[in-house]
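All chains, please: the whole structure from these sequences, using the hints.
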Amino acid sequence: MPPSPLSPPDRAAARLIFTGYALLLSSLLTALLGIWALFACHWVSETGCRGRKVLDWLLYDNHYKYLFPLLVPLGAYWVIADWTAWELFRHN
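If you use this note's numbering, the sequence shown closes out at 92, no skipped numbers anywhere.
Some hints here could point you the wrong way.
Distance windows between CB atoms, simulated [as the list claims (entries may be wrong)]:
1. 43 <-> 85: 39 to 49 angstroms
2. 13 <-> 53: 39 to 49 angstroms
3. 75 <-> 39: 15 to 25 angstroms
4. 32 <-> 87: 32 to 42 angstroms
These are calculated hints, taken from the structure and not from any lab test.
Backbone N, C-alpha and C fix where the C-beta goes; we use that ideal spot for every residue, glycine too.
Here's what the structure looks like:
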């Protein structure tokens, strides 16, 4: 196997850039699915979603379609509340 043309710091930087783009893409896809679940699927009939079972399921669902958009704010709230409780426990 030929040696890599990138030096170790360059490989680490390339991997970091790739990870950043992967995180950005997954965030964008989650945001688009959340927007679809909350707003767009109500304006599209079932024929507009034909063959896409997940999108049809979100069209008729009344509870789980709020999971994706609320996952990030509730997760952030949970982390902040947990950190605050831990600090109060440690310092009192």
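Here's how the hints hold up against the structure:
| no. | hint | verdict |
| --- | --- | --- |
| 1 | 43 <-> 85: 39 to 49 angstroms | holds, 42 angstroms |
| 2 | 13 <-> 53: 39 to 49 angstroms | holds, 41 angstroms |
| 3 | 75 <-> 39: 15 to 25 angstroms | holds, 22 angstroms |
| 4 | 32 <-> 87: 32 to 42 angstroms | holds, 36 angstroms |
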